[in-house]
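Fit chain X to the given chain Y structure using the hints.
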Amino acid sequence: GNSVTQMEGPVTLSEEAFLTINCTYTATGYPSLFWYVQYPGEGLQLLLKATKADDKGSNKGFEATYRKETTSFHLEKGSVQVSDSAVYFCALSLKAAGNKLTFGGGTRVLVKP
Amino acid sequence: DAMVIQNPRYQVTQFGKPVTLSCSQTLNHNVMYWYQQKSSQAPKLLFHYYDKDFNNEADTPDNFQSRRPNTSFCFLDIRSPGLGDAAMYLCATSRGTDKQETQYFGPGTRLLVL
Chain Y
6 GNSVTQMEGP VTLSEEAFLT INCTYTATGY PSLFWYVQYP GEGLQLLLKA TKADDKGSNK
66 GFEATYRKET TSFHLEKGSV QVSDSAVYFC ALSLKAAGNK LTFGGGTRVL VKP
Chain X
550 DAMVIQNPRY QVTQFGKPVT LSCSQTLNHN VMYWYQQKSS QAPKLLFHYY DKDFNNEADT
610 PDNFQSRRPN TSFCFLDIRS PGLGDAAMYL CATSRGTDKQ ETQYFGPGTR LLVL
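In order, the protein sequence lines correspond to chains Y and X. Each residue of the first sequence is one higher than the one before, counting from 6 in my numbering. Each residue of the second sequence is one higher than the one before, counting from 550 in my numbering.
You can trust all of the hints, since none of them are fake.
Simulated pairs of lysine-lysine, DSS-like, Cα-Cα distance not exceeding 30 Å:
| no. | chain 1 | residue 1 | chain 2 | residue 2 |
| --- | --- | --- | --- | --- |
| 1 | X | K587 | Y | K117 |
| 2 | X | K593 | Y | K105 |
| 3 | Y | K61 | Y | K100 |
| 4 | Y | K100 | X | K587 |
| 5 | X | K593 | Y | K57 |
| 6 | Y | K57 | Y | K73 |
| 7 | X | K593 | Y | K100 |
| 8 | Y | K73 | Y | K100 |
| 9 | X | K593 | Y | K61 |
| 10 | X | K587 | Y | K65 |
| 11 | Y | K73 | X | K593 |
| 12 | X | K587 | Y | K105 |
| 13 | Y | K100 | X | K601 |
| 14 | X | K593 | X | K566 |
| 15 | Y | K105 | X | K601 |
| 16 | Y | K65 | X | K593 |
Derived list of chain Y stretches under chain X, where covered just means 3 residues or more per stretch with a C-beta under 8 Å from a C-beta of chain X:
| no. | stretch |
| --- | --- |
| 17 | 36–50 |
| 18 | 88–99 |
It should be emphasised that the hints constitute simulated quantities derived from the structure, not laboratory data. C-beta: ideal position from N, C-alpha, C; glycine also.
Next up, chain Y with everything else stripped away, as it sits in the complex (with noise of 0.2 Å):
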């Protein structure tokens, strides 16, 4: 079956450090590759996509690259703020499953001033 699979947390950094959230995926097929970010108490915002092998998705700072070799879409951020402090889900669709989103299980992240 399908399935997601990323760092558990919490993820605790400093204001400004590097950030990487690994995904990595198994797929019957060739899924979309999302990440989406959930603030506490709120539903989730799509963060970026990427759709086919190599492409990167960006936004707000955060990039991804879907990797099919290594079957991965790494997050990552240069330098974090306080307010990226969230919960990070990543997740695949492919037509043949109807589009349903599958979510890796989400690292929760913590950036301290």
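Leaving out everything else, chain X in the frame of chain Y:
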């Protein structure tokens, strides 16, 4: 702004008392989804509508039902809530079901069962 709206943001119900959660969208999207998210877990898809076609996930309990009277609105009905149904319920929409389509989420309704 086009958006996905969920009301109320917090809902309290009693054990066994039916409850309905609401979702509306101004995006004119064809597909509407309902997810259940328990504390510190990933969202779990319950079902979705493509237009009027209802698609239930195999492991969604019968206690959960849904209605979509028109393009803009979708409702989640919990017929007899148990303590284990306390969770955040997220509504999402997308234009279609191609893999590259983005799902847009509402802010969620947090359900408390007493």
